[in-house]
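**Student:** Top line first, the protein sequences correspond to chains A and B.
With my numbering applied, the first sequence covers 1 to 343.
With my numbering applied, the second sequence covers 1 to 343.
Hints are computed from structural coordinates only; laboratory data are not their basis.
Any given hint could turn out to be false.
To be verified - Derived Cβ-Cβ restraints for the label pairs, each shown as a range:
#1 Val112/A x Gly245/B: 32 to 38 Å
#2 Gly245/B x Ser199/A: 36 to 42 Å
#3 Asp284/B x Gly201/A: 34 to 40 Å
#4 Met210/A x Gly201/B: 52 to 58 Å
#5 Leu128/A x Cys264/B: 42 to 48 Å
#6 Asn285/A x Pro74/B: 47 to 53 Å
#7 Lys155/B x Ser120/A: 27 to 33 Å
#8 Lys331/A x Asp63/B: 43 to 49 Å
#9 Val26/A x Glu191/B: 55 to 61 Å
#10 Cys264/B x Ser68/A: 18 to 24 Å
#11 Ala292/A x Cys264/B: 38 to 44 Å
#12 Lys127/B x Gly157/A: 23 to 29 Å
#13 Asn285/A x Asp284/B: 29 to 35 Å
#14 Gly42/A x Pro222/B: 36 to 42 Å
To be verified - In silico EDC-like cross-links for lysine to aspartate or glutamate, where the CA-CA straight-line distance does not exceed 20 Å:
#15 Lys266/A x Asp284/B
#16 Lys266/A x Asp195/B
#17 Lys266/B x Glu233/A
#18 Lys315/B x Asp284/B
#19 Lys274/A x Asp284/B
#20 Lys308/A x Glu297/A
#21 Lys274/B x Glu288/A
#22 Lys333/A x Glu311/A
#23 Lys178/B x Asp195/B
Said to hold, decoys possible - Okay, the calculated bits of chain B under chain A, using three or more residues with CB under 8 Å as the criterion:
#24 2-8
#25 244-252
#26 265-276
Even glycine gets a Cβ: it sits at the ideal position worked out from N, Cα and C.
There are 2 protein chains.
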Amino acid sequence: MAPVRNGRVLFNEIPTGYPDPSRTTVYDQSQTIDLDNEPLEGGFLVKILVLSIDPYMRGRMRDPSIESYSPAYPTGQPLNNYGVGVVLRSANPSFKPGDHLYGFYPFQEYFVAKDAKGFSVLENKEKLPWSAYVGVLGMPGQTAHHGWKELAHPKKGDVVFVTSGAGPVGATVIQLAKAEGLKVIASAGSEDKVDFIRSIGADVAFNYKMTKALDVLQKNGPINIYWDNVGGETLEAALEAAAVGARFIECGMISTYNGGEPYCVKNLVNIVGKQLRISGFIVDNLHEKWLADFYKEIPPKVASGEFKHKEDISKGLGSAGQAILDVLTGKNKGKKVILVAEE
Amino acid sequence: MAPVRNGRVLFNEIPTGYPDPSRTTVYDQSQTIDLDNEPLEGGFLVKILVLSIDPYMRGRMRDPSIESYSPAYPTGQPLNNYGVGVVLRSANPSFKPGDHLYGFYPFQEYFVAKDAKGFSVLENKEKLPWSAYVGVLGMPGQTAHHGWKELAHPKKGDVVFVTSGAGPVGATVIQLAKAEGLKVIASAGSEDKVDFIRSIGADVAFNYKMTKALDVLQKNGPINIYWDNVGGETLEAALEAAAVGARFIECGMISTYNGGEPYCVKNLVNIVGKQLRISGFIVDNLHEKWLADFYKEIPPKVASGEFKHKEDISKGLGSAGQAILDVLTGKNKGKKVILVAEE
Numbered sequence: 001m002a003p004v005r006n007g008r009v010l011f012n013e014i015p016t017g018y019p020d021p022s023r024t025t026v027y028d029q030s031q032t033i034d035l036d037n038e039p040l041e042g043g044f045l046v047k048i049l050v051l052s053i054d055p056y057m058r059g060r061m062r063d064p065s066i067e068s069y070s071p072a073y074p075t076g077q078p079l080n081n082y083g084v085g086v087v088l089r090s091a092n093p094s095f096k097p098g099d100h101l102y103g104f105y106p107f108q109e110y111f112v113a114k115d116a117k118g119f120s121v122l123e124n125k126e127k128l129p130w131s132a133y134v135g136v137l138g139m140p141g142q143t144a145h146h147g148w149k150e151l152a153h154p155k156k157g158d159v160v161f162v163t164s165g166a167g168p169v170g171a172t173v174i175q176l177a178k179a180e181g182l183k184v185i186a187s188a189g190s191e192d193k194v195d196f197i198r199s200i201g202a203d204v205a206f207n208y209k210m211t212k213a214l215d216v217l218q219k220n221g222p223i224n225i226y227w228d229n230v231g232g233e234t235l236e237a238a239l240e241a242a243a244v245g246a247r248f249i250e251c252g253m254i255s256t257y258n259g260g261e262p263y264c265v266k267n268l269v270n271i272v273g274k275q276l277r278i279s280g281f282i283v284d285n286l287h288e289k290w291l292a293d294f295y296k297e298i299p300p301k302v303a304s305g306e307f308k309h310k311e312d313i314s315k316g317l318g319s320a321g322q323a324i325l326d327v328l329t330g331k332n333k334g335k336k337v338i339l340v341a342e343e
Numbered sequence: 001m002a003p004v005r006n007g008r009v010l011f012n013e014i015p016t017g018y019p020d021p022s023r024t025t026v027y028d029q030s031q032t033i034d035l036d037n038e039p040l041e042g043g044f045l046v047k048i049l050v051l052s053i054d055p056y057m058r059g060r061m062r063d064p065s066i067e068s069y070s071p072a073y074p075t076g077q078p079l080n081n082y083g084v085g086v087v088l089r090s091a092n093p094s095f096k097p098g099d100h101l102y103g104f105y106p107f108q109e110y111f112v113a114k115d116a117k118g119f120s121v122l123e124n125k126e127k128l129p130w131s132a133y134v135g136v137l138g139m140p141g142q143t144a145h146h147g148w149k150e151l152a153h154p155k156k157g158d159v160v161f162v163t164s165g166a167g168p169v170g171a172t173v174i175q176l177a178k179a180e181g182l183k184v185i186a187s188a189g190s191e192d193k194v195d196f197i198r199s200i201g202a203d204v205a206f207n208y209k210m211t212k213a214l215d216v217l218q219k220n221g222p223i224n225i226y227w228d229n230v231g232g233e234t235l236e237a238a239l240e241a242a243a244v245g246a247r248f249i250e251c252g253m254i255s256t257y258n259g260g261e262p263y264c265v266k267n268l269v270n271i272v273g274k275q276l277r278i279s280g281f282i283v284d285n286l287h288e289k290w291l292a293d294f295y296k297e298i299p300p301k302v303a304s305g306e307f308k309h310k311e312d313i314s315k316g317l318g319s320a321g322q323a324i325l326d327v328l329t330g331k332n333k334g335k336k337v338i339l340v341a342e343e
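For reference, chain A alone in the conformation it holds in the complex (with noise of 0.2 Å):
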């Protein structure tokens, strides 16, 4: 067979506010592949999926002397995210074609990995679509239920509250909260999104662009377990309506992301007088203690329609470039997924 497009985002310039679709990265479809006579090497060539757009890759387009606790894109090269590839050819033993691969892949077409390390095969007995695996089956959902597990304490009666609540990561602790009888407050940017959590379960749903989250917490707080995916105003807000002896859970703070002088949080004091415990923590770090018992708990979930999911889905790599700004600007529309190709 003749060489095929093997289409490429590659990260273009560092940006220094919001990512531009036109100039921080680019859709680079120079490169060809033949299939058939790609070296492997040991390795194993794969037909890429799905690939996951999430906000800590804002992160990652940094000045790469900046230290962080994932590593700078380097310009030039293809973005890398979680994603579902089908492994076409394979001189890996521990893969065969056909095999479906969770694991981390270059934003391309295709891809020849040279190491089995990183990468698990889906069984998928559910049959759920591809996309789950890097949503609420992915690195969101596996945020939200370790950082859950690890961090929450829940007790009886517990207000929690969780901001981007219609997200992949929210939208799985409000439903892992609610699943314990806890009372929820979850906010979200937009009224489609407010009526997706309000559908999850959540007992106290708001749109933060209209309502004040410091009103919401004094009237139906205090809270007693705090999620945060956003910081900065909001974590004001939870400081100012936690209970005594509460958790927060420091999952991320994408209003900090872009730049700009970061919002001045006036409120600390109430660390000590509240005796909170705040806790920070990346996914990764938690796997071992906790990876099996995911799997073991939220596919069949999600499978039975027990958990609520919703995504997002962008179609060809194409696209990526927006679906980044998208998801930094709270316009996805759920998980924020990248269709690469159909099987």
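With chain A's structure known, arrange chain B on it following the hints.
**Tutor:** Leaving out everything else, chain B in the frame of chain A:
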């Protein structure tokens, strides 16, 4: 015997910034007491010997409509805090004349307590001055001990940063950390205090008024444990210089106690990326778990000289207003104690 003066320090007016010794409190000498005939009504009469002055008292000088972990001081009433007194007469079988009691006292010379609850007899086998029992062996020492035991989780090779290192809490933390063989960086606000910090074992000691905490931490860090007594800009520096997985023990934030616009901590996002654990605590809630341990471990070390401490004693209740201001501005030269009376 004729009635004698019963001097009292009354809370006179809620301060807006730093307390003003000529307005916030008043030393009132109008009350008298007949020590032989004052009715006990089942209680006991105490002559107060020493009273503790602590930064947290500023938080109690607030409008009582503002809730906090410790009750507001009512205007027109005496201040109160931890102290040591000697029983003169008793109608309560728990205590006999000559017993020295640690407990919570009003700021006055003599006091009839109705209830034994909250008072404990100090045996003082080590014959230490009573002032030690409101400092290194009182609430501040207990604060250091309980907070460290509960929240530090020290590991071999850890670097610890302690603020207000010359204060009775900080100095105890430094010595607890050194006893575990850790590297300690500590700060204070004068050269005298820095000398003291060095004398009790800190590996790196600096005057935060002359040297930026961030510079010191970047050179000598990253830090694994941060003992926060100050908040604000120093907390920001600690967030910047924190190692992955560092523990922040939030004991106090004196930089925010006296009003004004709080310092804007700009880098809270480090909590997520560095997977920090930030914990506020109030010593009273940890007594059940740690107080027996404290009395077993610390007094012998103080008596033997293994644990050093420094006191700054003001004589007479009339000095209390100035003493409070000194503690809040850092002018004290050690644990601030009011010597109300010699025995």
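**Student:** Each of the hints needs a verdict: does it hold here or not?
**Tutor:** Now the hints, each set against the structure:
Hint check: Val112/A to Gly245/B, Cβ distance near 36 Å, so the stated range 32 to 38 Å holds. The given range of 36 to 42 Å is respected by Gly245/B and Ser199/A, whose C-beta atoms sit roughly 38 Å from each other. For Asp284/B paired with Gly201/A, a C-beta distance near 38 Å keeps the hint of 34 to 40 Å intact. With their beta carbons about 56 Å apart, Met210/A and Gly201/B fall inside the hinted range of 52 to 58 Å.
Take Leu128/A and Cys264/B: their Cβ atoms lie about 45 Å apart, and the range 42 to 48 Å holds. At roughly 50 Å, the beta carbons of Asn285/A and Pro74/B sit within the given window of 47 to 53 Å. Under the hint 27 to 33 Å, the C-beta atoms of Lys155/B and Ser120/A, about 32 Å apart, fit the expected range. Taking 43 to 49 Å as the suggested C-beta distance range, the pair Lys331/A and Asp63/B conforms, at roughly 44 Å.
The hint said 55 to 61 Å for the Cβ distance between Val26/A and Glu191/B, and at roughly 58 Å that hint holds. At about 22 Å, the beta-carbon gap between Cys264/B and Ser68/A stays in the expected band of 18 to 24 Å. Checked against the hint of 38 to 44 Å, the C-beta distance between Ala292/A and Cys264/B comes to roughly 43 Å, which is consistent with it. Separated by about 50 Å at the C-beta atoms, Lys127/B and Gly157/A break the suggested range of 23 to 29 Å.
Range check, Asn285/A to Asp284/B: about 34 Å between beta-carbon atoms, so the 29 to 35 Å window is met. Separated by about 39 Å at the C-beta atoms, Gly42/A and Pro222/B satisfy the suggested range of 36 to 42 Å. Note on Lys266/A and Asp284/B: the hinted pairing is violated, with a Cα-Cα distance of about 26 Å set against a maximum of 20 Å. With a C-alpha separation of about 34 Å, the suggested pair Lys266/A and Asp195/B falls outside the 20 Å cut-off, and the hint is violated.
For the hint pairing Lys266/B with Glu233/A, the CA-to-CA distance comes to about 12 Å; that is within 20 Å, so the pair holds. Taking the CA atoms of Lys315/B and Asp284/B, the gap is near 28 Å; set against the 20 Å cutoff, the hint is violated. Under the criterion of a C-alpha separation no larger than 20 Å, the hint pairing Lys274/A with Asp284/B is consistent with the structure, at around 13 Å. At most 20 Å may separate the alpha-carbon atoms for a hinted pair to count; Lys308/A and Glu297/A meet this at roughly 14 Å.
As the CA atoms of Lys274/B and Glu288/A are separated by approximately 18 Å, the hinted pair is consistent with the 20 Å bound. Between the alpha carbons of Lys333/A and Glu311/A the distance comes to roughly 7 Å, so the proposed pair stays at or under 20 Å and holds. This hinted pair checks out: Lys178/B and Asp195/B have alpha carbons roughly 16 Å apart, not beyond 20 Å. Coverage of a stretch by a chain is defined here by at least three residues with a beta carbon nearer than 8 Å to that chain's beta carbons; for the region 2-8 of chain B and chain A the count is 0, and the condition is violated.
Interface restraint, the region 244-252 of chain B with chain A: holds (4 residues with C-beta to C-beta distance below 8 Å; minimum three). Given a C-beta distance limit of less than 8 Å, the hint that chain A covers the region 265-276 of chain B holds, as 12 residues qualify and 3 suffice.
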